[in-house]
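Trainee: Take a look at the letters that make up each chain.
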Amino acid sequence: MTLSHFNAALLFSIFASVVFGITVKDNTREQIRYGLYCFAMFMGGLIVAGWVMWVLRH
Amino acid sequence: MASPASKETVTQTQPITMMSVVAPALGWLVPGAGHLIQRRWIRGILLMASVVTMFVLGLTMQGRVYQPNGGDILDILGFIGDLGAGGLYILSRVNDWGHVVVAHATADYGTKYIIVAGLLNFICVADAYHIAIGKKS
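Listed in order, the protein sequences are those of chains A and B.
When we follow my numbering, the leftmost residue of the first sequence carries the number -8, and every step to the right adds one.
When we follow my numbering, the leftmost residue of the second sequence carries the number 25, and every step to the right adds one.
These are computed hints drawn from the structure, not numbers from a lab.
By construction, the Cβ of each residue, glycine as well, lies at the ideal position given by its N, Cα and C atoms.
It cannot be assumed that every hint is accurate.
As the list claims (entries may be wrong) - In silico DSBU-like cross-links for lysine-lysine, where the CA-CA straight-line distance does not exceed 35 Å: (1) B:K160 <-> A:K16; (2) B:K136 <-> A:K16; (3) B:K159 <-> A:K16; (4) B:K136 <-> B:K159; (5) B:K160 <-> B:K136.
What the hints assert, rightly or not - Have a look at the derived ranges for each label pair, beta carbon to beta carbon: (6) A:T(-7) <-> B:P39: 47 to 57 Å; (7) B:A150 <-> A:R24: 13 to 23 Å; (8) A:V43 <-> B:T41: 21 to 31 Å; (9) A:L47 <-> B:R117: 33 to 43 Å; (10) A:S(-5) <-> B:G158: 38 to 48 Å; (11) A:G41 <-> B:T41: 28 to 38 Å; (12) B:R63 <-> A:R20: 17 to 27 Å; (13) A:I38 <-> B:T84: 23 to 33 Å; (14) A:V43 <-> B:V126: 19 to 29 Å; (15) B:V45 <-> A:V15: 22 to 32 Å; (16) B:L115 <-> A:T(-7): 21 to 31 Å; (17) B:H123 <-> A:H(-4): 23 to 33 Å.
Kindly produce the complete structure, drawing on both the sequences and the hints.
Mentor: What follows is the structure, given as structure tokens:
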């Protein structure tokens, strides 16, 4: 199977965020919020890192 | 000035119960099972789905499964990460899955997926233990 870099990072973010959300926080509401926060940080970091590399290359 | 009582270290020992031993061990062997055995059904299923899917995706991307080794430090760390997947790692070794040469970028992603699946399962095991000793609900 071949995934693009973005799809691989997207799937990675989803699965890691689920595990972080469940294991770090105690109640359901906090788990969902923390999971979404982790997902946003993963994706935000990915996009920022992508633009930084683009700037360095040009 | 600190009072004498504040200088004392308070040590709280957790009682070792059967569940505090079985849940982490089972959780390592079968990802998510440590939560399922403690009736955390949804958490267990979500953790199992996440770890197993990551591991399987890693294998389908032709990722490498590390074998026990005493060579390069990154290979040793890779093996420790892979070992976290427990039963999945044993299954892949028995069937000789992931015994490939990483030749392209996607395969390297696959290798990282497999390692991270194992590392995430270590976190799941610790969480199952904390639930078993009553530190977490």
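Trainee: Each hint should be assessed against the structure and marked as holding or not.
Mentor: Outcome of the hint check:
{"no.": "1", "hint": "B:K160 <-> A:K16", "result": "holds (9 Å)"}
{"no.": "2", "hint": "B:K136 <-> A:K16", "result": "holds (25 Å)"}
{"no.": "3", "hint": "B:K159 <-> A:K16", "result": "holds (12 Å)"}
{"no.": "4", "hint": "B:K136 <-> B:K159", "result": "holds (31 Å)"}
{"no.": "5", "hint": "B:K160 <-> B:K136", "result": "holds (30 Å)"}
{"no.": "6", "hint": "A:T(-7) <-> B:P39: 47 to 57 Å", "result": "holds (51 Å)"}
{"no.": "7", "hint": "B:A150 <-> A:R24: 13 to 23 Å", "result": "holds (21 Å)"}
{"no.": "8", "hint": "A:V43 <-> B:T41: 21 to 31 Å", "result": "violated (50 Å)"}
{"no.": "9", "hint": "A:L47 <-> B:R117: 33 to 43 Å", "result": "holds (40 Å)"}
{"no.": "10", "hint": "A:S(-5) <-> B:G158: 38 to 48 Å", "result": "holds (45 Å)"}
{"no.": "11", "hint": "A:G41 <-> B:T41: 28 to 38 Å", "result": "violated (48 Å)"}
{"no.": "12", "hint": "B:R63 <-> A:R20: 17 to 27 Å", "result": "holds (20 Å)"}
{"no.": "13", "hint": "A:I38 <-> B:T84: 23 to 33 Å", "result": "holds (26 Å)"}
{"no.": "14", "hint": "A:V43 <-> B:V126: 19 to 29 Å", "result": "holds (26 Å)"}
{"no.": "15", "hint": "B:V45 <-> A:V15: 22 to 32 Å", "result": "holds (23 Å)"}
{"no.": "16", "hint": "B:L115 <-> A:T(-7): 21 to 31 Å", "result": "holds (24 Å)"}
{"no.": "17", "hint": "B:H123 <-> A:H(-4): 23 to 33 Å", "result": "holds (25 Å)"}
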